[in-house]
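**Q** Protein chains in written order, with this note's numbering: chain A, 1 to 427; chain B, 428 to 593.
One thing to keep in mind: the hints can contain errors.
Straight-line alpha carbon distances no greater than 30 Å define the calculated DSSO-like cross-link-like pairs of lysine-lysine that follow [stated by the list, open to error]:
#1 B:459 to B:433
#2 A:169 to B:488
#3 A:393 to B:459
#4 B:459 to B:429
#5 A:163 to B:559
Worth flagging that the hints you see were computed from the coordinates, not collected in a lab.
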Amino acid sequence: MSRLERVITIPGKTISEKILSAHSGTDARAGDIVIADVDFVMGQDGTSPLAIRALQEMGVDAVFDPNRVALVMDHSSPSPIEGVSALHTIMRDFGKKTGCRIYDVGEGVCHQLIPENGHVVPGDLMVGCDSHTCTYGALNVFSTGVGSTDGAAAMASGKLWFKVPVTMKVTYTGELQPGVYSKDLILDLAGRIGVDGATYEAIEFHGPVIDAMSIDARMTISNMAIEVGAKAGLMKADAKTLAWFEGRGGRVPAPVDPDDDAVYVRELVIDASQITPQIAKPHAVDNVSPIPDVVGTPIAQGVLGTCTNGRLEDFRIATEILRGKKVHPDVRFIVAPASKRVFLDAIAAGYVSDLIEAGAVFVTPGCGPCVGTHNGVPSDGENVISTANRNFKGRMGNSNAFIYLGSPATVAASVIAGKITDPREVV
Amino acid sequence: MKLTSKAFKYGDDINTDYIISGKYKFKSTDMKAMAVHAMEDLDPDYHAKVSPEGGFLVAGKNFGMGSSREQAPLVLIHSNTKAVIAKGFARIFFRNAINTGLPVVECDTDLIDDGDELTVDLEAGVIVNHTKSIEIPFPPLPPVMAQLLADGGLVEHFKKHGGFAL
Numbered sequence: 001m002s003r004l005e006r007v008i009t010i011p012g013k014t015i016s017e018k019i020l021s022a023h024s025g026t027d028a029r030a031g032d033i034v035i036a037d038v039d040f041v042m043g044q045d046g047t048s049p050l051a052i053r054a055l056q057e058m059g060v061d062a063v064f065d066p067n068r069v070a071l072v073m074d075h076s077s078p079s080p081i082e083g084v085s086a087l088h089t090i091m092r093d094f095g096k097k098t099g100c101r102i103y104d105v106g107e108g109v110c111h112q113l114i115p116e117n118g119h120v121v122p123g124d125l126m127v128g129c130d131s132h133t134c135t136y137g138a139l140n141v142f143s144t145g146v147g148s149t150d151g152a153a154a155m156a157s158g159k160l161w162f163k164v165p166v167t168m169k170v171t172y173t174g175e176l177q178p179g180v181y182s183k184d185l186i187l188d189l190a191g192r193i194g195v196d197g198a199t200y201e202a203i204e205f206h207g208p209v210i211d212a213m214s215i216d217a218r219m220t221i222s223n224m225a226i227e228v229g230a231k232a233g234l235m236k237a238d239a240k241t242l243a244w245f246e247g248r249g250g251r252v253p254a255p256v257d258p259d260d261d262a263v264y265v266r267e268l269v270i271d272a273s274q275i276t277p278q279i280a281k282p283h284a285v286d287n288v289s290p291i292p293d294v295v296g297t298p299i300a301q302g303v304l305g306t307c308t309n310g311r312l313e314d315f316r317i318a319t320e321i322l323r324g325k326k327v328h329p330d331v332r333f334i335v336a337p338a339s340k341r342v343f344l345d346a347i348a349a350g351y352v353s354d355l356i357e358a359g360a361v362f363v364t365p366g367c368g369p370c371v372g373t374h375n376g377v378p379s380d381g382e383n384v385i386s387t388a389n390r391n392f393k394g395r396m397g398n399s400n401a402f403i404y405l406g407s408p409a410t411v412a413a414s415v416i417a418g419k420i421t422d423p424r425e426v427v
Numbered sequence: 428m429k430l431t432s433k434a435f436k437y438g439d440d441i442n443t444d445y446i447i448s449g450k451y452k453f454k455s456t457d458m459k460a461m462a463v464h465a466m467e468d469l470d471p472d473y474h475a476k477v478s479p480e481g482g483f484l485v486a487g488k489n490f491g492m493g494s495s496r497e498q499a500p501l502v503l504i505h506s507n508t509k510a511v512i513a514k515g516f517a518r519i520f521f522r523n524a525i526n527t528g529l530p531v532v533e534c535d536t537d538l539i540d541d542g543d544e545l546t547v548d549l550e551a552g553v554i555v556n557h558t559k560s561i562e563i564p565f566p567p568l569p570p571v572m573a574q575l576l577a578d579g580g581l582v583e584h585f586k587k588h589g590g591f592a593l
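Generate the whole structure from the sequences, applying the supplied hints.
**A** Laid out in structure tokens, this is it:
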């Protein structure tokens, strides 16, 4: 075989293979195990205390670079009980000792704060001690969730071992219909491939529908890549992505596109024009139905917010439906902005006063009631409609409650009616 | 390492909220105290049944899906769970189990029923089901993970080598 022929037969690389190659100094291919340099490490209040303990057990009293480690108090914040207060104190003390960045109560959800503050940029490799760390895949960052001990090892050394994932390619053609949003696309995907449909794999999302979306909408999709088991949910960085990073004080972006001849484990082409509003029913994210199947289900609580749908565009969508209307008297409507920045922007845009006038109850920027520690634990037998990403039994702190997941528009329409409502009736 | 114990069998897609609910995981870092709530929403008696003499948690596909909480493998360890044996695992749970020293085995668990007596040979890659008098082979862990497990988890690996030595 001539040299030229050999060169031609080397297949191209996916985004994952390229980022993991660049960070490990190897020609990383799916299936390889590499030790790679990470650009950033994050922990939240449910996972950081165990990471700090692991660092102590390792005999490590510094982080590899204080500018590349951040701990966020978002899951149970401000503290509802003395046990959590003690965990927050452990985090604050660690911040003082190591100089790493601490985001204290009220700053927001980790997955909004890390990109919003320019801690990651396109082309980065980062790990976070939270499963929804895959959110920044929408920003062309290979980001993935790890446990506290992996997080500790990365905080100590700036490195971690990775198995280079195979990649599934999902291409969205057509265009979204009125009342249908990025949340509906990812719920539809969960329904199609199941909660383990992409386990150990990365997903790349492509196509004109993704290109047309805002960054906020793209983040909703990547956020839920973990709900089908994926390690990462990646998108290309385009002009919109680069514009989004301007003024955030981050490093210089190094966008990574997949090669045209990259090898994918399988490819799905989905006509987004055919997708209708979707609902994930209790108690699994892949228990998905088109909304007509569940219309009329009574609800006691609605939730707008979380790392899935707590951004400014989500507030705009909900406000346009709720402005001048009233939340049903039998419904509590809990709203948690994803960050203080989102909260301020929503105030400036007038969304907050409109939502409060309609009957919304605002809680601290952060995870809100999603993870069952505070801010609205449902009662026995109650149905909740939420913009969050998980509806596992007991997720919101009561295993006798029932959680339905939908888009901000679906939640807004439903809290007015007091029952699950098709948003196409109101947009 | 050879482990002998009894099987406690559960189903598919057991998520991390079943293994340890979010409402407990934020309360403290005392895993021994938290372990009494292991698997609570699925089987309130899990800790009481398994902790006295130990046992294998046997499950179907996609065990440990959901959150990154390392409390999940830790409460199982503190409930005297010797290993988790499943048809497959969610990625983060799998890493967390290895990192904290909880053996994880992927095999056809249709060949195991609740209450079966098993011996798991991690190096040889075989489970002997004494109750059914059958052997169930499984693929051994990749070398990186086998090394971490042999060192007693990632913390012990770092203590021993001062960093990654894989």
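**Q** Hints first: check each against the structure and report whether it holds.
**A** Each hint tested on the structure:
1. Of the supplied pair hints, the one linking residue 459 of chain B and residue 433 of chain B holds, its CA atoms being roughly 21 Å apart against a limit of 30 Å.
2. Under the criterion of a C-alpha separation no larger than 30 Å, the hint pairing residue 169 of chain A with residue 488 of chain B is consistent with the structure, at around 23 Å.
3. Restraint check: the Cα-Cα separation between residue 393 of chain A and residue 459 of chain B comes to about 24 Å, which is no more than 30 Å; the hinted pair holds.
4. A threshold of 30 Å between alpha carbons decides the hint, and for residue 459 of chain B with residue 429 of chain B the separation of about 25 Å falls inside it, so the pair holds.
5. Distance check on the hinted pair: residue 163 of chain A and residue 559 of chain B sit about 36 Å apart at the alpha-carbon level, beyond 30 Å; violated.
When held up to the earlier numbered hints, the structure conflicts with hint 5 and nothing else.
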